[in-house]
Amino acid sequence: MSSLNLDATFAALADPTRRAILARLAAGEASVMELAEPFDMSQPAISKHLKVLERAGLISRGRDAQRRPCRVEMTPLLEATDWLEKYRNTLESSFQRLDALLEVMKAKEKNPRKTKSEGEN
Amino acid sequence: MRNTGTLQVTTPSDREIVLTRVFNAPRRMVFEAFSKPELLRQWFGPHGWSLSVCEVDLRLGGGFRFVMKGPQGEEMGMRGSYKEIAPPERSIHMESFDDFPGESQVTTVFVEKDGKTTMTATVLYESKEVRDAVIQTGMERGAAETYDRLAEFLLTTAA
Chain A
1 MSSLNLDATF AALADPTRRA ILARLAAGEA SVMELAEPFD MSQPAISKHL KVLERAGLIS
61 RGRDAQRRPC RVEMTPLLEA TDWLEKYRNT LESSFQRLDA LLEVMKAKEK NPRKTKSEGE
121 N
Chain B
1001 MRNTGTLQVT TPSDREIVLT RVFNAPRRMV FEAFSKPELL RQWFGPHGWS LSVCEVDLRL
1061 GGGFRFVMKG PQGEEMGMRG SYKEIAPPER SIHMESFDDF PGESQVTTVF VEKDGKTTMT
1121 ATVLYESKEV RDAVIQTGME RGAAETYDRL AEFLLTTAA
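Just so you know, the sequences run in chain order A and B.
Just so we're aligned: 58 in the numbering used here is position 58 of the first sequence, and the numbers increase by one with no gaps anywhere.
Just so we're aligned: 1155 in the numbering used here is position 155 of the second sequence, and the numbers increase by one with no gaps anywhere.
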């Protein structure tokens, strides 16, 4: 993961209006007009924030030429938060079971007579 | 990255995930544990999940089929086909999940030193989107929960 991406993510998240826009988009996609309403801001002002968010990869814009709905993109948030760490933990718990299994396999190889008990549980 | 445990997860490019883990056993044993169904059943999968289907045909042109069963009875199926097999050093397989479009290429290399084995698994996805989706579902159930978590995160950040 490049720190450059993370910098862009954190810079974009540093502004309260942009965080509020993301929170709104987390509830579902919205057009610039729909976003401008609750924030009591002009559409150009909102568009400016959207550009920053888009450049940081935090949102994407739909192809619909009229609405160009904005959608939240999870990736930079995954990277900015602990999500990759959780993915790691999921795998690590599996590998810890493998550690235990390998110990059993090593013990069996040292003392092959005990191999008989295999598959009894 | 805050990888505190023994498993290292890195994302060296947009389309890759690289997993590195050291096991305290010779690599022939580790390779066996990665390729024999009766052994895979004993460790493979997230906590609380088990392999209800585990079939491995370890040869070129062969493949594997896993179905993981979750604590609530939910199922997640995956399959793979081998492109290269060189026990106990390395293998390359194509892998796909029943619930995801596309295929990823998994290159697994085992290096043994002083009785310990370092596994390096490089997963190359078709796109960044697929990779991120895999990371996401690796620990979350469904998009609803994901978006809940996002909203929660945003609220705490904004506070």
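Calculated from the structure, these hints are not laboratory results.
Just so you know, these numbers come straight off a predicted model, no measurement behind them.
Cβ atoms here follow ideal geometry from the backbone N, Cα and C, with glycine treated the same way.
Some clues are possibly wrong.
Examples of chain A residues toward chain B, derived with CB under 10 Å [said to hold, decoys possible]:
(1) E37
(2) F39
(3) M41
(4) R88
(5) N89
(6) L91
(7) E92
(8) S94
(9) L98
(10) E109
(11) R113
Going down the list of hints, with the structure as the test:
Because the beta carbon of E37/A sits about 19 Å from the nearest beta carbon in chain B, more than 10 Å, this interface hint is broken. Of the supplied interface hints, the one on F39/A is violated, with its beta-carbon coming no nearer than about 13 Å to a beta-carbon of chain B, more than 10 Å. Checking M41/A against chain B: minimum C-beta separation of about 17 Å lies over 10 Å; hint violated. Given hint, R88/A at the interface with chain B, holds; its Cβ is 4 Å from that chain's nearest Cβ, closer than 10 Å.
Contact between N89/A and chain B, as hinted, is supported at the beta carbon level, the nearest pair being about 7 Å apart and thus within 10 Å. With its C-beta approaching chain B no nearer than about 6 Å, L91/A sits inside the 10 Å limit, and its interface hint holds. With a cut of 10 Å, the hint placing E92/A at the interface with chain B holds, because the nearest CB-to-CB distance is about 4 Å. For S94/A, the suggested interface contact is upheld, since its CB lies about 6 Å from the closest CB of chain B, less than 10 Å.
A least Cβ separation of about 4 Å between L98/A and chain B falls short of the 10 Å threshold, and the interface hint therefore holds. For E109/A, the suggested interface contact is upheld, since its CB lies about 8 Å from the closest CB of chain B, less than 10 Å. A distance limit of 10 Å between C-beta atoms decides the matter here; for R113/A the minimum to chain B is near 19 Å, and the interface restraint is violated.
Hint compliance for this structure: hints 1, 2, 3 and 11 are not met, and every other hint is.
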